[in-house]
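Letter by letter, the chains look like this.
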Amino acid sequence: MGEYFTLIIGAILVHNFVLSRILGICPFLGVSKKLSTALGMGGAVIFVMTLSGAATSLVNHLLLRGHGLEYLRTIVFILVIAALVQIVEVLLQRFSKPLYKALGIYLPLITTNCAVLGSAIICANDDYGIMKSTVFCGASGVGFALALLLFASVREKLELARVPKCLEGAAIALLTASILAMAFSGFAGLG
Amino acid sequence: MSETEQTVRLPDMTHLVVSSSPHIHDKDDVRAIMLKVICALAPACLASIYIFGIRALMVLLVCAASCVAFEALFTRMQGRPLRVNDCSGLLTGILLGMNLPVTAPLWLCVVGSLAAIGLGKMAYGGLGYNPFNPALVGRVALLIAFPSAMTTWALPACNPLKWLGADAATGATPLALLESSEAEAAAMPSFSALFWGGTGGSLGETCAAALLVGGIALVFLNVIRWQIPVCLLGTVALCTGIGHLVHPEQVASPLLHLFSGGLFLGAFFMATDMVTTPLSRKGAVVFGIGCGLFTSAIRMWGNYPEGMSFSILIMNSLTPLIDRFTARRPFGVRDARKEVKA
Amino acid sequence: MFSFGKFYGGVHPDDGKIASGSAIEDAPLVERYVIPLRQHIGAPASPVVAKGDKVLRGQLLAQAGGFVSAPVHSPTSGKIVDITTCLGPMGNQLPAVVLESDGEDQAAEPMPPMDWHNASPADLKKRVGDAGLVGMGGASFPTIVKLSPPADKPIDTLIMNGVECEPCLTADHRLMLEHPDRVLTGAEIVAKILGVKRIVIGIERNKPDAIALLNKLIKAGDYKGIEIHDLPMRYPQGAEKQLIFAITGRQVPSGGLPMDVGCVVQNVGSAATIAEAVGAGKPFYERITTVVGTPLVRSGNWRTRVGMSYKDAITLAGGVKEDPAKVISGGPMMGFSVYSLDIPIMKNTSGILLLSASELSQYSSGACIRCGRCNDGCPMSLTPGLMSVQIENEHYDMAEKWHVMDCIECGCCAYSCPAHRPLVQHMRRAKSVIAASRRAAENKK
Amino acid sequence: MYPVLLLTILGVLLALAIGLVVRYFDAPEDAQGDAVRSLMPGANCGGCGFAGCNDYASALLRGEAKPGACHAMSAENLEKLCRLLGVAQEAVGEPLVAVVCCSGDDNHAVHRAFYNGVNDCLNAVLVAGGAKGCSYGCLGLGSCARVCPFGAIEIRPDHIAKIHPNLCRGCGKCVSICPRKVIKLVPRSVPVMVYCSSPNKFAMKKQFCSAACIGCRKCQKASGEDKIFINGFLASVNTEDPPDASIVEVCPAKCLRTICPPTAEAAESVQK
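Chain order of the listed sequences is A, L, C and P.
Per my numbering, the very first residue in the first sequence carries number 1; after that it's consecutive.
Per my numbering, the very first residue in the second sequence carries number 192; after that it's consecutive.
Per my numbering, the very first residue in the third sequence carries number 534; after that it's consecutive.
Per my numbering, the very first residue in the fourth sequence carries number 979; after that it's consecutive.
Careful, some of the hints might be misleading.
As the list claims (entries may be wrong) - Simulated pairs of lysine-lysine, DSS-like, Cα-Cα distance not exceeding 30 Å:
{"#": "1", "chain 1": "C", "residue 1": "Lys550", "chain 2": "L", "residue 2": "Lys218"}
{"#": "2", "chain 1": "C", "residue 1": "Lys749", "chain 2": "C", "residue 2": "Lys730"}
{"#": "3", "chain 1": "L", "residue 1": "Lys218", "chain 2": "C", "residue 2": "Lys658"}
{"#": "4", "chain 1": "A", "residue 1": "Lys34", "chain 2": "C", "residue 2": "Lys964"}
{"#": "5", "chain 1": "C", "residue 1": "Lys934", "chain 2": "A", "residue 2": "Lys157"}
{"#": "6", "chain 1": "C", "residue 1": "Lys550", "chain 2": "C", "residue 2": "Lys658"}
{"#": "7", "chain 1": "L", "residue 1": "Lys218", "chain 2": "C", "residue 2": "Lys854"}
{"#": "8", "chain 1": "P", "residue 1": "Lys1044", "chain 2": "A", "residue 2": "Lys101"}
{"#": "9", "chain 1": "C", "residue 1": "Lys977", "chain 2": "P", "residue 2": "Lys1159"}
{"#": "10", "chain 1": "C", "residue 1": "Lys730", "chain 2": "A", "residue 2": "Lys97"}
{"#": "11", "chain 1": "A", "residue 1": "Lys34", "chain 2": "A", "residue 2": "Lys157"}
{"#": "12", "chain 1": "P", "residue 1": "Lys1058", "chain 2": "A", "residue 2": "Lys101"}
{"#": "13", "chain 1": "C", "residue 1": "Lys749", "chain 2": "A", "residue 2": "Lys157"}
Calculated directly from the structure, the hints in this document are not laboratory data.
The whole structure should be built from the sequences, with the hints applied where relevant.
So, in structure tokens, the structure goes:
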């Protein structure tokens, strides 16, 4: 229990995927303009990450490890994750049109989102079991969603700010992200 | 009739101003508010100069001057009207100085000012638009970039405890002592040392008494809302108190936590920055509790001895969300919450 | 929270009532009166006189142009020289009748005096309408509309507004001191029209002499069932919704009217005018106006005829010692700054205020520093600071969600804003834009 | 051999899974809608009477709107749109251009008072009706410029709005926002306009503005009754049958002026 608690806190706060590991920056910057879409995107990422965490660790344990094929990990994981995201996209389009519209091109972006792949590889590297991988990936997703949420709420405020012309758009977003990352670095050692 | 008419002077109507109501105004303005905060900081500044010697004054002056200079420079670069005389840049500089150790090289002060004003404030368009407390942005940037320079503490040059007739003090900050594995009860400074400022630490970290005086003055001057410092200090006391009861050997007593490590500086002067904290009083309560929780967590479990600046920055980023969920119910509206959220 | 005299928010401006000691004087006749035909909210009155007509004081000049409208009477005797437009205090053009006084001030046959004890409520109400009564506090809503609540909204309390919380103005204060009988009689007439038992007069504590005088008269026994509430000094104590809350603890619902909570609020000035209209048959053509300001030679309170220009009013006050930087129609918190002295005094002109250059406060376009003082000051518990930033960025939908339409434009937010942001102007803009889009949406349907 | 086999099988399996999901859960596509939307100019100016381009496209698809309502659309796109929707291309109205009918810049018009407040026309009219002397004059605080989706409106330093005809696409957004109602939409073929909107009497106009139309009728005499109308003290150009550009020379107040500065094309035709 304690182990899982540390794992979850670690994944959400200390080694936050966006703010500490600097993974998955594209959707982080792209979908954080409005709080509502950020929430949707966060949900989608949590979902995809948990699912892919389970699937990849399953593949890792059943197919690759036993046969000495660890060197195929990256390509197999990409394959599995890409297929998963495709399926999620189709399902979303069918069952949640508004969310699908809001996510737009960012859903395919999850496919190549290094955060998803990164979490899977971290699990494989650290030899997490299937259960632990799933929990870790889910928590990482929550961490991603949290960062996205915080960032989106700040950016909604930035909409109203008089940012200098040369810093408008991605520049100020990255600056803000850097400050947020500095703030999160304070959690070091917590998990 | 005609005689009186000649003596009556009618107003010249060609130089009138028209504006929207109201036509009268409270005397307070932004400058006055900032000056009040600076005055409230004065006792703590004087205390730190007394404790650490004249170099403390150097650090404060360099920070203040470079913050004002950077603000002027960036405003110029953006081609906007200069508003340096609102004293917000000056305040940021003094706060940043209070967050530095007395041994900080002067170039470090300038770099910190650049981060504070450039990154924390002017990049967002200046006063009123910055989502994060500029002084803290400066401090945290320095803390991450120059950890050793930022955590080398000098011994107090002049110890107020001497004339209080108490023991001599130590160099390292009490919280750093706690973090180090050989933290021994004997090495810990006494409570009076913490309160009057006989310990090492950054300029604004040592003399809790002076900070308390300034902070209470601010509350009574209606510059800050009492909810933030009270909730923040209360939460820290509560959390560390529980921690102390459960693990007395790991977690120091809540009193030590309260009076050490710039908690007062943060609670009264940093967490109460108007621009970056929630508008409503309800939001202020949430903000204070959040800061307290994060601070206690970082202090008890984290790598850093001090969590105040990090937790305030994190709560700054939460401020828009808090504002959104603590919207007030307007007069005559039955259930505003639902409508505002929708 | 529900104790008497408390409402949320509010500010304490300097009250500056330098004219409170000057007794009401009758303004002498002037040569020319410009009588606007729309001195009220609603349809303009339609003129019944033509150019060249001779009219007498109190004669009907224009009759009500609808239910929400009010007739207009001649302030003195003379000749109609033109029917044209004139500049109003808000910078708009108003239809107006120009009257040249013949200096004789001959009165027309008054309406027959009525004994209100015996007259029926319907007759009394008709008289109030015929006399051209409008709210004298500022909004100038035709009184007859206020006195005709729909049957499904029973009224149980009549509140007389003698608060005069607006700094500098003293017209109501002087009226209560010099004509308390008219105020009290008027209140009883209104109560009879409405069939209301409970009458409350709310007065701010900075007028202890008026409170004592009215209490004495009530104790003497002529006026039964009238209560006096002395209210703490806090602006905007006299705003309708705040006054109702302070006296009865009821909250007028958002977008609603006082009658939704069983209250009717009348200004004491209106009550006095009603008493005269009923008792003496005198139509509404004069009112008490405070002319005040440090640039003036002599601030004071005058009984002025409707249609007298601001220029004449300032002449009454002896002209100016120094040039004013601002001329305001009304009080300093809610009045309108004007740029011309040709504007006529109207039925709702409670005061003319002149500010000198040293008293002038300038608005700036500085950023909101989120100090929250506007929040604390707003009597409607709105968030003016956040809304103003949204409005600056034209996010009217957000402002609407935050209930900008409930703003009463009292000015507390802008008064207390340390960044000197023109918050009220932002609110007014949002309100006008939102009202226009609502109208457009309704028209589409 | 084994790794290749594994990857292949995995690939095939996953492809099958995707195929199955698409087969059973795929949402119908909206090819025509996307095509129509892609033809929209995307300025969201609202000149068509709908709330933005997307709304207009939806109305087009539902058959509730006609192509050609959008002034900002290029002729080429309009043609494509008609083909796409299968409707005959109707005679689209002549392109319009917006004109600020006021000459009252700081050199000519009088300010009655100093305005202190939000720098925006919509705010300024709320304060004593705006500080500019003439209550029909351009306030020059730029509400129109901020609302223009094409950046065609310039606020001159002497406080008057100027619309650049070659950038204006005639969406009419400025017309509806202007609180003084001094902006008018006219067909591009109209060469001249009266740059004054005040119907006030001569004496009142002259008090506030030295460039106001004084109703002298010289232009009407020079061009004919039906080309220029005189209403009280204000002349206005008959936009259906306008006079030609040479008429501007007769105006003593210089408020009758040409709309378009001579373009390169016009200059060429003159040379020929």
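Numbered hints the structure breaks, given as an ascending list: The structure conflicts with hints 3, 6, 10, 13, although it agrees with all the remaining ones.
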